[in-house]
Every structure is written in structure tokens, then in C-alpha cells.
Amino acid sequence: MNWSHFFTSSVGKKIIMACSGLFLIAFLLVHAGLNACIWAFDGGEMFNKAGHFMGSTVVMRILEIGLFVFFIIHIVQGVVMELQNRSKRGSKGYAVALGNRGSKWYSRSMAILGLLILLFLIVHLGHFWIPNRSNQGWLLGEEINLFKEMKEVFSNPVWVLLYTVGVIALFYHLSHGFQSAFRTLGLTNHKYINIIQTVGLIYNVVICIAFIMMPISFYFGWVQ
Amino acid sequence: MEHYNMNLTLKVWKQKNSQSAGSFETYQIKEVSSEMSFLEMFDVLNEQLIHEGKEPIAFDHDCREGICGTCSMYINGRPHGPWHGTTTCQLHMRAFKDGDTIVVEPWRAKAFPVIKDLMVDRSAFDRIIQAGGYISVNTGVTIDGNAIPINRENADKSFAAAACIGCGACVAACKNSSAMLFLSAKVSHLALLPQGEIERKRRALDMVAQVDKEGFGSCTNTGACEAVCPKEIEITNIARLNREYLAAGLAADK
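Going down the list, the sequences are from chains Y and X.
Quick note, the first sequence lines up with residues 1 to 224 if you use this note's numbering.
Quick note, the second sequence lines up with residues 1 to 254 if you use this note's numbering.
FYI, nobody ran anything at the bench for these hints, they're computed from the structure.
Here the structure is a predicted model, which is why all the values come from computation and not from measurement.
Using N, Cα and C, we set each Cβ at its ideal position, and we do this for glycine too.
Errors might be hidden in some of the hints.
[Said to hold, decoys possible] With a straight-line Cα cutoff of 27 Å, these simulated DSSO-like cross-link-like pairs (lysine-lysine) come out: (1) Y:LYS13 x Y:LYS148; (2) Y:LYS151 x X:LYS97; (3) Y:LYS92 x X:LYS14; (4) X:LYS175 x X:LYS11; (5) X:LYS116 x X:LYS54; (6) Y:LYS49 x Y:LYS151; (7) X:LYS14 x Y:LYS13; (8) X:LYS30 x Y:LYS92; (9) X:LYS14 x X:LYS116; (10) X:LYS116 x X:LYS201; (11) X:LYS175 x Y:LYS13; (12) Y:LYS104 x Y:LYS92; (13) X:LYS213 x Y:LYS13; (14) X:LYS54 x X:LYS14; (15) X:LYS175 x X:LYS213; (16) Y:LYS92 x X:LYS16; (17) X:LYS16 x X:LYS97; (18) Y:LYS92 x X:LYS213; (19) X:LYS201 x Y:LYS92; (20) X:LYS11 x X:LYS116; (21) X:LYS30 x X:LYS54; (22) Y:LYS104 x X:LYS110; (23) X:LYS110 x Y:LYS191; (24) X:LYS201 x X:LYS14; (25) X:LYS30 x X:LYS16; (26) Y:LYS49 x Y:LYS148; (27) X:LYS116 x Y:LYS92; (28) X:LYS11 x X:LYS54; (29) Y:LYS92 x X:LYS11; (30) X:LYS213 x X:LYS97; (31) Y:LYS104 x X:LYS116; (32) X:LYS97 x Y:LYS13; (33) X:LYS97 x X:LYS110.
[Claimed, not checked] Partial list, computed: chain Y residues near chain X (C-beta under 7 Å): (34) LYS14; (35) LYS49; (36) ARG61; (37) GLY90.
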């Protein structure tokens, strides 16, 4: 069995989804951690320092390319698999559906949740990453004041609402994705399943509350 | 348990052959005993149709004791009907009450084309078994059954996986028409025993390849299969299958 065969079988494709998903899960932790610097309540000094480190360090910028690669792999593979799986169903659907009796709605809706997150991601990059990097000349130039940018964006209730919806989509996507990734990699058994589910839930709640509180903190002026 | 009779409305999928479109037919059936099995109710209905000069409904059945995996009906939105861990043939009419409408459909999956009415072609499962669901044994004198020591836990897990009767309910319930619960049961059954060790690596890779060839979807771990399996095969078997596949694929030297 050669490598291309290994990764293109129905199990192999899932392994790619799981590995890229776990990488993105790790990224979210870093992202939330850095953003939490806004709660230093120092007018964004620490936050901008963290942002400067991420934007002006060569290693970080190389990792950033890796992050985009994993995002693209996860998105493209996810869409391809959803379309392929849809084509495997019978030509007719059931008159009476199984619905929630067998599985959770969010487990069956990973593709649509993923697309919602993608839409959010595009808006999100448009708000912060693109203006910042273009100001830098895409390399290691001068960055914009990201703290000020956040303050501005999150003074608009529409964006606060949109970010909240994006994070809710992320919450449900992760509710399935976290434990599904471990199952796909064969790491789930009776001994580990409780640990995986508990850690997944704690991770998910912490990450999502942290992300939701960021726009809200600015909107209500808790962070100045 | 109290016995009662009921009048029912049945909406059954009728389809002449794999090429035709098919549609639902509505049938009225009277005085159905609560002690009948679901298939006996269909026998009565078919008798009634024959007497009326109509064509009876084609459905798969064989042992009628829940172990052959032949019966396959999607009843009121659930493979094998409303009872948990029960095949269609072991479903009894006391699950329903007077005046109920029961919708009966065939398994829906591209890899399981409808042959006629409620019968689907499940030979894809046979070809998956042929691809690797076997073990090597020496010819000659029969070996004593207890000659190979097997630890109790593995024997139990293997037996639980071997309970899979290959009915296809997992595929029918899956939004991706994935056969992973079936495949994982077959792979686990042999991978857990010393007898299965010889073909272990090849088995995982070859059977996955055959599943893909037959046109089943990939598993997205929704758990619908586990919820409807009449033999209560656990989804942890799918994690074991993935483990087997990873180990075999990474260890293969070509």
C-alpha cells in the first residue's frame, strides 16, 4: 500500500480530517491565549506586544503558513467528503427520517457548521489579519494597532452578533469534532472515551466562552 | 402480556425492479393479533393480496429467529422498527396499537440497490467478507478447540463483534451510507483472536479497499449505526478498525 492509497481510502481521508482538525484545535488554544491579553486591562499594551511577537517573528510567520495549509486541507477535504458521502446515499431519501433518535443534529451537520465557520473566518480575516499584514507589506514591517482595531470593530453591534454566531457554530462543530478526531485515529476505547469526552467538553467551553467574551468586553466597555 | 387485535394502515414501498421508479402503496389490514411477529403480519397481508388477485409484497426473510440477518425493513423511520436491539422478524405487533399507520421502506443506499419492493441487493457485504474476512488453518487432523489459549477479555470482545449478522441496518441508518460498523465488527472479530493474526494487516487494508470499491460512504462518527444495530455492535469497534488500518498501512513496506 503506497502513501497516496493510504490517505485516499475512506479511512485515510478521515485520518487527514482528524489530524488537520487536531492541529486547528491546538491553534485555537494559542489564539485564545494570546487574545486573553486584552484582559490585562492595560490599554492593550500587552495585547499589542503579543501581536507584535506573532507578526514579526520569522518562526511564527512560517507557522502561520502551515496554519493556512491545514485550514485549506481541512476545508477542501471536508467539502469533498461531504459531497462524496452524499452521492453514496440512495437516489431516494426516506419518507420517515431517523432524525435525532440515532445521532446528534450537530454530528450530522458538520459540513454546514464548518461552512458557517468559514464565512465567519473570511469576515474575521478581513477585520484584522488582512489590514494588519497589508500594512506590514506582508513581510515583517510595521503593524497596525490591533487593540484599537478591535475596539473599533466591536463597537458595532452587528459584528458582535456575527462573532457570537460564529463562535456558537464553532462550539457545535467542536462538540462533535474533538471526540470524532480521536475515534478516527483509533484512540477511543472504553478506557479513554470518558477522558476524551471530558477534556473535549472543558476545552470547548473554555475556548468558546473566551472567544465570545472578547467582542462583548469591548462592546460594553469593560476593556478600555 | 395482554392480547389484543388491531386494525392498521400500512404504507409500503412498491418497486417493480431496480430500474423502475417505485412509489408507496397504502394497504388496510384488519384484526392483526398483538402476538404476531411483524413478518407474520406481512404474511397475512400477502395472503390477503393474493386472494384479492393483487401482487404480494416482496421482502427478504429466512431464519425468523433473529440470527440470519436477512430481514431488512425500514419501519417508521428506523431500521428494524421501534424496538432496540431487535431484528424485523423479532419485532412483534404489540409494539403497535389499533389505528396506527406504519410506513415500511427498503434500505436506502447506492451500494444496496432495490431488487424489488422491500428487497435490496446486499451482495456487497459478501464481497467485503471475501476480501479478507477469513483465517488460514492447517489441513489434516482437526485441532482441539482448546489448544490455543485466548484471554477471556479478548474472547468476549471478539464474540460481541462476531454477533454482527450483516443485515445492513448500519448502512441504512447512516447519512453517509457507510458500512464501517459492519466492517469494524468483521475486522475486530478476527483481529482479537490469535487465529486471525496471520492475515491481520492484509485484512484491514483489503477489506477497507473493498468497502470503498462497493460504493459505501466514509464514517463521520455520528453514532446512528450503533443506535439501530439489532445485535448492539459497539461503535468502539470502528476505532479499533481505524487503529488496525493505521497500524497496517504504516507498517506496510511498499
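How the hints compare with the structure:
The suggested pairing of Y:LYS13 with Y:LYS148 is violated, with an alpha-carbon distance near 42 Å, which exceeds 27 Å. With a CA separation close to 63 Å, the supplied pair Y:LYS151 and X:LYS97 exceeds the 27 Å bound. With a CA separation close to 13 Å, the supplied pair Y:LYS92 and X:LYS14 stays within the 27 Å bound. Distance check on the hinted pair: X:LYS175 and X:LYS11 sit about 23 Å apart at the alpha-carbon level, within 27 Å; holds.
Of the pairs offered as hints, the one joining X:LYS116 and X:LYS54 holds, with about 15 Å between alpha carbons and a cut-off of 27 Å not exceeded. Taking the CA atoms of Y:LYS49 and Y:LYS151, the gap is about 16 Å. The hint holds against a cut of 27 Å. The straight-line distance between the Cα atoms of X:LYS14 and Y:LYS13 is roughly 37 Å, outside the 27 Å bound, and the hint therefore fails. A C-alpha spacing of about 30 Å is found between X:LYS30 and Y:LYS92, which places the hinted pair above 27 Å, so the restraint is violated.
A C-alpha spacing of about 7 Å is found between X:LYS14 and X:LYS116, which places the hinted pair at or below 27 Å, so the restraint holds. Distance restraint check for X:LYS116 and X:LYS201: the Cα-Cα separation of roughly 38 Å exceeds the 27 Å cut-off, and the hinted pair is therefore not satisfied. Straight-line distance between C-alpha atoms of X:LYS175 and Y:LYS13 comes to about 17 Å, which keeps the hinted pair within the 27 Å bound. About 22 Å separates the Cα atoms of Y:LYS104 and Y:LYS92, which keeps this hinted pair within 27 Å; it holds.
Restraint check for X:LYS213 and Y:LYS13: satisfied, since their Cα atoms lie roughly 15 Å apart, inside the 27 Å limit. With a C-alpha separation of about 12 Å, the suggested pairing of X:LYS54 with X:LYS14 holds against the 27 Å cut-off. Taking the CA atoms of X:LYS175 and X:LYS213, the gap is near 18 Å; set against the 27 Å cutoff, the hint holds. In summary, the hint linking Y:LYS92 to X:LYS16 is supported, as the alpha carbons are separated by about 15 Å, within the 27 Å threshold.
Of the pairs offered as hints, the one joining X:LYS16 and X:LYS97 is violated, with about 30 Å between alpha carbons and a cut-off of 27 Å exceeded. Between Y:LYS92 and X:LYS213 the alpha-carbon distance is near 21 Å, which keeps this suggested pair within the 27 Å criterion. The suggested pairing of X:LYS201 with Y:LYS92 is violated, with an alpha-carbon distance near 37 Å, which exceeds 27 Å. Distance hint between X:LYS11 and X:LYS116 is fulfilled; the C-alpha atoms sit about 16 Å from each other, no more than 27 Å.
Of the supplied pair hints, the one linking X:LYS30 and X:LYS54 holds, its CA atoms being roughly 17 Å apart against a limit of 27 Å. Taken as a hint, the Y:LYS104 and X:LYS110 pair is honoured in the structure, with Cα atoms around 24 Å apart against an allowance of 27 Å. About 36 Å separates the Cα atoms of X:LYS110 and Y:LYS191, which puts this hinted pair outside 27 Å; it is violated. Between the alpha carbons of X:LYS201 and X:LYS14 the distance comes to roughly 43 Å, so the proposed pair goes past 27 Å and is violated.
For the given pair, X:LYS30 sits about 26 Å from X:LYS16 by alpha-carbon distance, which is consistent with the 27 Å threshold. For the hint pairing Y:LYS49 with Y:LYS148, the CA-to-CA distance comes to about 13 Å; that is within 27 Å, so the pair holds. Taking the CA atoms of X:LYS116 and Y:LYS92, the gap is about 15 Å. The hint holds against a cut of 27 Å. A hinted pair counts as satisfied when its Cα atoms are at most 27 Å apart, and X:LYS11 with X:LYS54 qualifies at roughly 16 Å.
For the given pair, Y:LYS92 sits about 16 Å from X:LYS11 by alpha-carbon distance, which is consistent with the 27 Å threshold. A hinted pair counts as satisfied when its Cα atoms are at most 27 Å apart, and X:LYS213 with X:LYS97 does not qualify at roughly 43 Å. Our distance criterion of 27 Å between C-alpha atoms is broken by Y:LYS104 and X:LYS116, whose separation comes to about 32 Å. At roughly 46 Å between alpha-carbon atoms, X:LYS97 and Y:LYS13 are farther apart than 27 Å, so this suggested pair is violated.
For the suggested pair X:LYS97 and X:LYS110, the alpha carbons sit about 34 Å apart, so the restraint of at most 27 Å is broken. For Y:LYS14, the shortest C-beta to C-beta distance to chain X is roughly 6 Å, which falls under 7 Å, so the interface hint holds. At its closest, the beta carbon of Y:LYS49 sits 41 Å from a beta carbon of chain X; the interface hint therefore is violated under the 7 Å criterion. A distance limit of 7 Å between C-beta atoms decides the matter here; for Y:ARG61 the minimum to chain X is near 32 Å, and the interface restraint is violated.
At about 3 Å, the closest approach between the beta carbon of Y:GLY90 and any beta carbon in chain X falls short of 7 Å, and the interface hint on this residue holds.
Going down the numbered hints, you'll see the structure goes against 1, 2, 7, 8, 10, 17, 19, 23, 24, 30, 31, 32, 33, 35 and 36, while the others check out.
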